[in-house]
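Listed below are the residues making up each chain.
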Amino acid sequence: MARRRIVITGIGPVTPVGVGVGPFWEALTAGRSGVGPILSFDTAGFSVRIAGEIHDFDTDPWMTPKEAKRTDRAVHFALAAAKLAWRDAGEPSVDHARTGVMFSTGIGGLGSLLNQHKVFLEKGADRVSPFMVPMLMPNASAGHVAMAFGFTGPNACITTACAAGAHAVGEAYRLIRDGLADVCIAGGTEASILELTIAGFAQMQALSRRNDEPERASRPFDRDRDGFILSEGAGALILEEAEGAVARGARIYAEVAGYGASADAYHITAPEPEGLGAIQAIQACLEDAGESPDAVDYINAHGTSTQLNDASETRALKKALGDHARRTPVSSTKSMTGHMLGAAGAVEGAAAALTIHEGVIPPTINYENQDEVCDLDYVPNEARRADVRLALSNSFGFGGQNATIAFRRWEA
Amino acid sequence: MDMAELQDKVCGILADNLSVPEDKVKPDSRFQEDLDADSLDLVEAVLALEEEFGVTIPEEEMEGVKTVGQAIQLVATKLGVAA
Chain A
0 MARRRIVITG IGPVTPVGVG VGPFWEALTA GRSGVGPILS FDTAGFSVRI
50 AGEIHDFDTD PWMTPKEAKR TDRAVHFALA AAKLAWRDAG EPSVDHARTG
100 VMFSTGIGGL GSLLNQHKVF LEKGADRVSP FMVPMLMPNA SAGHVAMAFG
150 FTGPNACITT ACAAGAHAVG EAYRLIRDGL ADVCIAGGTE ASILELTIAG
200 FAQMQALSRR NDEPERASRP FDRDRDGFIL SEGAGALILE EAEGAVARGA
250 RIYAEVAGYG ASADAYHITA PEPEGLGAIQ AIQACLEDAG ESPDAVDYIN
300 AHGTSTQLND ASETRALKKA LGDHARRTPV SSTKSMTGHM LGAAGAVEGA
350 AAALTIHEGV IPPTINYENQ DEVCDLDYVP NEARRADVRL ALSNSFGFGG
400 QNATIAFRRW EA
Chain B
0 MDMAELQDKV CGILADNLSV PEDKVKPDSR FQEDLDADSL DLVEAVLALE
50 EEFGVTIPEE EMEGVKTVGQ AIQLVATKLG VAA
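Residue numbers (numbering that gives the first Met the number 0), protein chains in the order written: chain A, 0 to 411; chain B, 0 to 82.
Since the hints were derived computationally from the structure, they do not count as laboratory data. Virtual Cβ for every residue (Gly too), placed ideally from N, Cα, C. There's no promise every hint is true.
To be verified - Cross-link-like lysine-lysine pairs, in silico, DSSO-like; alpha carbons within 30 Å at most:
1) B:8 x A:122
2) A:68 x B:65
3) B:65 x B:77
4) A:65 x A:122
5) A:318 x B:23
6) B:65 x A:65
7) A:68 x B:8
8) B:77 x B:25
9) B:8 x B:77
10) A:117 x B:8
11) A:65 x B:23
12) B:77 x A:318
13) B:25 x B:8
Said to hold, decoys possible - These stretches of chain A come out as covered by chain B in the derived footprint (C-beta under 8 Å, 3 or more residues):
14) 55-67
15) 90-104
Produce the complete structure using the sequences and hints provided.
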């Protein structure tokens with residue numbers, strides 16, 4: 000039997016650069032940053048005072064006031080992203096039992112946990128909300144998305160830090176390919192711009208301290224990069240079995256052509272310096288897609304703007320693609336969105352699919368000075384028209400988990 | 000505080016806590032059937048009442064509370080407000 004093919008028919012971005020496909024893509028191709036001073040708490044005394052926040056997010060279009068009150072901000076973003084994506088796909092009529100949800104997060108409802116921890120310390124155990132547990136659990140988003148639509152197919156949350164969103168897309172692709180579902184909502188969400196997380200990531204020396212120039216702080220692959228920018232939001236993709244999508248006349252952004260996953264098995268946060276885990280994921284992905292390294296037209300890099308990631312990812316690309324790496328445009332949309340952690344892989348998958356569909360490669364902004372260990376074509380500062388047939392999206396998580404997804408122009 | 004005042008106050012807190020319009024919350028409203036409140040909602044609502052009135056309502060006293068009126072009576076007893 001021929002292998003089932005999977006296509007993307009809907010995209011729902013909820014990001015610091017824009018909400019919905021139109022504003023999102025417009026911002027990415029215009030090279031607009033979504034990073035700014037943190038407004039959600041007083042940053043006095045913090046070494047890091049910038050982030051990619053979503054300001055004035057209105058839950059009303061996406062859920063009832065009661066649902067909004069009983070769920071974490073991460074779920075708010077997830078529901079908005081899933082509903083945007085579903086609407087973008089034309090709200091297809093589907094078999095609910097054959098429709099799954101893979102919705103990831105890096106951290107989950109930490110804000111809700113911290114609120115209740117404060118109640119616990121100040122008022123005692125008997126005042127802790129019965130909603131604390133369902134609000135903090137990482138799989139809450141996958142559960143709420145399923146409830147919102149009544150989808151009873153396979154449902155899970157993969158929690159692999161910065162690679163979680165990519166694992167969600169990859170595993171959803173496998174569910175459909177292997178016949179366990181016909182349609183999946185795949186996504187990731189994150190709402191962890193909190194005093195404690197900013198403090199923790201800052202202590203790891205992982206965050207940029209370019210506090211006076213927030214829009215210029217995320218500068219992947221640039222020589223003067225000094226860390227990532229913590230961002231929030233969600234991204235959702237509608238994955239459908241291709242025959243069904245074609246039969247209903249769906250608009251197809253791209254095919255999900257392959258998925259590769261691996262572990263560094265090296266260090267809990269630092270990437271393996273030679274990029275061995277990343278190379279393994281990229282090679283497995285290409286093999287799964289039945290493509291050669293030379294066929295890759297574009298790479299949406301993990302590109303976090305940390306010294307370590309961008310150097311080791313560059314090494315990995317040169318190893319995995321060989322000489323072809325030098326001819327391949329590589330860009331990091333995190334230069335604009337910042338790092339949405341568990342949402343990043345889904346949002347960047349959306350960017351890769353849109354790159355194929357629109358024939359435009361979004362740039363790496365804030366790229367000014369070449370680093371001798373980062374010597375590829377990073378599509379500096381301006382979007383580029385290009386005929387892209389095959390695009391890869393890389394995601395590498397703290398924990399050493401790696402995922403690469405291949406997106407291909409849909410050809411029946 | 001007299002009973003009428005207490006009743007208004009409890010209904011207001013419950014309406015806010017359960018995200019239902021205030022005019023839907025009356026003494027004869029049933030939590031589950033009329034106010035769409037499940038068991039977790041009820042615990043959360045009681046926490047709000049405890050907080051507002053500075054009383055403690057143990058779990059065992061909550062058992063059997065099905066209507067807003069019963070909740071009002073519970074708080075009234077705690078506060079010594081006569082019917």
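Inset, instruction - Go through the numbered hints given earlier and state which of them the structure violates, listing their numbers in rising order. - result: Result: hints 5, 12 and 15 break, sorted rising.
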